[in-house]
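Engineer: First to last, the sequence lines map onto chains S, G and Z.
For the first sequence, the numbering used here begins at 1 and goes up steadily by one.
For the second sequence, the numbering used here begins at 352 and goes up steadily by one.
For the third sequence, the numbering used here begins at 646 and goes up steadily by one.
No wet-lab data here; the hints were simulated from the structure.
We treat Cβ as the ideally placed atom computed from N, Cα and C, and that holds for glycine.
It is possible that part of the hints are untrue.
Across the chosen pairs, the derived CB separations fall in these ranges [said to hold, decoys possible]:
#1 Z:D791 / G:K640: 36 to 42 Å
#2 S:T30 / Z:S755: 43 to 49 Å
#3 G:F431 / Z:V704: 58 to 64 Å
#4 G:K640 / S:T189: 51 to 57 Å
#5 G:I469 / Z:N796: 53 to 59 Å
#6 Z:D787 / S:V318: 41 to 47 Å
#7 S:I296 / G:L463: 22 to 28 Å
#8 S:P91 / Z:S755: 32 to 38 Å
DSS-like mimics (lysine-lysine), calculated; alpha carbons at most 25 Å apart, straight line [stated by the list, open to error]:
#9 Z:K779 / S:K5
#10 S:K6 / Z:K765
#11 Z:K736 / S:K5
#12 S:K122 / G:K383
#13 S:K5 / Z:K771
#14 G:K644 / Z:K801
#15 Z:K779 / S:K6
#16 Z:K768 / S:K8
#17 S:K122 / G:K640
#18 Z:K892 / Z:K866
#19 G:K644 / S:K122
#20 Z:K765 / S:K8
#21 S:K5 / Z:K782
#22 Z:K715 / S:K122
#23 Z:K779 / Z:K753
#24 Z:K771 / S:K8
#25 Z:K801 / Z:K779
#26 G:K640 / Z:K699
#27 Z:K753 / S:K5
#28 G:K644 / Z:K736
#29 Z:K715 / G:K644
#30 Z:K833 / Z:K782
#31 Z:K736 / S:K122
#32 S:K6 / Z:K788
#33 G:K609 / S:K158
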Amino acid sequence: MKLDKKSKSNLITYAIVIAAYIIFQVLAMTGNLSSHMKGLLVPMTYYAVIAVALNLCVGILGELSIGHCGFMCIGAFTSAFFSKITADILPTAPRFFLAFLIGIGFAALFGFLIGIPVLRLKGDYLAIVTLAFGEIIKNVINAFYIGIDKNGLHFSMKNSMELGMEADGNILVNGAMGITGTPHDANFTVGIVVLLISLFVVQNLVNSRDGRAIMAIRDNYIAAESTGINVTGYKMMAFTISAAIAGAAGVLFSHNITTLTASSQYFGYNASIMILVYVVLGGIGNIRGSVIAACILYLLPELLRGLSTYRMLIYSIVLIIMMIVNWSPKVIEWRKKTFGKVKLPGRKEVA
Amino acid sequence: MSFLTYFINGLSLGSIYAIIALGYTMVYGIAKMLNFAHGDFIMVGCYIIFSVSGALSGNSIVGIIVAIILCTLLGITTEFVAYRPLRGAASPLAVLITAIGVSYLLENLALLIFGADIKSFTSVIKWEGLTFADGQLRIQGVTIVTIVVSILILIVLQFFINKTKQGQAMLAVAEDRGAATLMGINVNRTIMLTFAIGSALAAVAGALLCSAYPSLSPYTGAMPGIKAFVAAVLGGIGSIPGAMIGGLVLGIVEILSKTYISSQLSDAIVFGILVVVLLVRPTGILGKKIQEKV
Amino acid sequence: MALLDVNKLCISFGGLRAVDDFNITIEKGELYGLIGPNGAGKTTVFNLLTGVYKPNEGVISLDGEDITRKNTAEINHAGIARTFQNIRLFKNMPVIDNVKVGLAEKYKYSALEGILHLGKYRKVEKQMDEEAEKLLKVFDLDKERDTLAANLPYGKQRKLEIARAMATGPKLLLLDEPAAGMNPNETKELMDTIALVRNEFDMTILLIEHDMKLVSGICEKLTVLNFGRVLCQGETKEVLNNPEVIKAYLGE
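My request is simple: use the sequences and hints to build the entire structure.
Structural biologist: Next comes the structure, spelled out in structure tokens:
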């Protein structure tokens, strides 16, 4: 069978991910990977997954979201809650599988519900409202208290005392202290599988009837409408899928740590912005670029830990310089003059 | 009486948000970019006041003046080095990410110079404040000064924008950059002036913020910066009175919800207000309606 | 029965009556011109016909179906396709995908089949490719099949916009100043393209145009708009010789 350009490009992406997986596995097995490095592998996969999700929203749908970690947060908490209450009942494999379904399902549900108001807005207004929703999610989860005793589930939005449980009670979700003791089900292999599935979904979507409709809306929603496209419907579809994938990243997240808290560091707007940096540096709309950028940019500061306080300083300067070199119209012109044709990340050559 | 006290505290916090939001809204309206580093300019201003006042054994007036000058220079430099090269870039996201880079840079520079530990900031306002109704209602000096300063700034800015040549040039650039260029307005200089004003305001806001909430760290500016941005959007981004209204609404809602509802949920409520307002008015309270011509 | 029947269409913006008591009847197969001075409300009429604006009063019916209250996408499904004065292509997509977006209503598979690339996906995509390629050939765009729409030369962008509109399988095609910004050679080629669309697809066309040579060359009937009102309506020759029309165009 003859492969067209798009399918070939998709296969290359899968191949890169699988090759990276094999390389890291071999390094780990031959003892060439420090334990610190090993600990970075799962986070690397979930950051790649959420970068793919965000690129679907920013690059394919064309709407800037700076609250995507909120969906990751929902996926993380709902799945962790499920895994915790079923830890003694279900065996690992089906439990983890169901945890994924639950995390993805809830993230998609919230993506859909939040999408209804958000997608009515445009441009920067839309962006700030996604930020607002991200912060609201984080805040509300921080005020959640759920406990269980022989009388059943107890719930409060104030503090753990308000739960009014019997002495045998067990606190499941403890407000800002989060959920402790989620089974440690995630590993690098599962992370890679989730990443491959996310890539499969997004890349196939892009090359389908629905994906073309979504990109048409991005390029010109007025023309899209008069070409018969249901703009609201397709926007909702893309946003919901994007949230669902972010939810999957959240499931990986929560099943890779012992104590899950809705902290700003992981789920605040700063975290969402960090993912956005991955997407922009990897190339807006370039799915493969997102994966590569997420992996490199996640590992880079971690590997620079030796430089301690200087590492984030270096990172920020590199970020600014890269943006100017890749995007400044004057610099691009100069590069064209000096080096001939310039390949820019995330943009097909526009003559 | 206690409600009135909280309300006035909210007014004061809102005034600080308003001053920061003015910087956001001017830069957005004129340069058409979200300067994510704006909040960090506040932090820089605070550290400058902290250091200068410390060196001069508590002379905060000099500290404030130095902070305003240095922040203005910082704003101009940032615009020139990091943002100007990206004007006319293929995607507006380019300059947004660069602004995020600048934000990281400032935070980490502060971290390197001053360390991560929280510094206790000495209020720049020594006045005790006023007491009413036999001591039942006490208004702190810093609260009164903050509210007065923000009103003064609003008046001066309105005058500047509407009555001076530079102000008119700003309006012209905000409306249509290309046409402004054709009319002989120096767009680069106008944008630079906007950054200068916005950054100077950030220094003032920093002095007031840290006087009211005296703990200083490299991340002091981040959250107030974001809230002020929310305030600017709430009021209608690009609108100066809108920034003022948005700031005040946000400050009052934040303090009252912290007091009467839940301190944990107050941020959620603040952001919730933004969502609700934008649903009713998609471009903010005083924002202009945008409709694309077909 | 007329293909398009518009009755007493009105819309106001603020206090301004942009279109006032607009009537038009277009028979199947006609090539109809809508002309008038700048600001007369021609594009507003197009926007009303395609649901971009909702009229304050009046009824629009297409092939006997009342489409007045339908939204833009539904009106397209009902059978009206259009182009825009300032070209609106899906710029970051290849030429063929622009056309395939237009074909999406005709060739369907479920979103799940699309994501999994299973079921009807391959078969339907192949049909779409074939039909899109056929369309591109008609419009002489087959060599640019995989070029990004943004990189096409101006004249070809206009053509692609028409091709995309035709892909939605319309009963009525609206062209908003198709010759705007074209040199005489390009205009000539465009006239050929319009003639081609008409003959090849048996299409009914309503077009807005300023180029009088083009209008008098291809339109059979004309409606002249002035200040939002119909000034004159009828056979092209008669309309162009009407003293009122000449006055509106050239002044007193």
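Engineer: Look at each hint and say if it fits the structure.
Structural biologist: Now the hints, each set against the structure:
no. : hint                        : in the structure
1   : Z:D791 / G:K640: 36 to 42 Å : holds (40 Å)
2   : S:T30 / Z:S755: 43 to 49 Å  : holds (46 Å)
3   : G:F431 / Z:V704: 58 to 64 Å : holds (59 Å)
4   : G:K640 / S:T189: 51 to 57 Å : holds (53 Å)
5   : G:I469 / Z:N796: 53 to 59 Å : holds (55 Å)
6   : Z:D787 / S:V318: 41 to 47 Å : holds (45 Å)
7   : S:I296 / G:L463: 22 to 28 Å : holds (24 Å)
8   : S:P91 / Z:S755: 32 to 38 Å  : holds (34 Å)
9   : Z:K779 / S:K5               : holds (21 Å)
10  : S:K6 / Z:K765               : holds (19 Å)
11  : Z:K736 / S:K5               : holds (19 Å)
12  : S:K122 / G:K383             : holds (15 Å)
13  : S:K5 / Z:K771               : holds (15 Å)
14  : G:K644 / Z:K801             : holds (23 Å)
15  : Z:K779 / S:K6               : holds (21 Å)
16  : Z:K768 / S:K8               : holds (19 Å)
17  : S:K122 / G:K640             : holds (11 Å)
18  : Z:K892 / Z:K866             : holds (19 Å)
19  : G:K644 / S:K122             : holds (15 Å)
20  : Z:K765 / S:K8               : holds (21 Å)
21  : S:K5 / Z:K782               : holds (21 Å)
22  : Z:K715 / S:K122             : holds (23 Å)
23  : Z:K779 / Z:K753             : holds (19 Å)
24  : Z:K771 / S:K8               : holds (17 Å)
25  : Z:K801 / Z:K779             : holds (16 Å)
26  : G:K640 / Z:K699             : holds (18 Å)
27  : Z:K753 / S:K5               : holds (23 Å)
28  : G:K644 / Z:K736             : holds (18 Å)
29  : Z:K715 / G:K644             : holds (20 Å)
30  : Z:K833 / Z:K782             : holds (19 Å)
31  : Z:K736 / S:K122             : holds (20 Å)
32  : S:K6 / Z:K788               : holds (18 Å)
33  : G:K609 / S:K158             : holds (13 Å)
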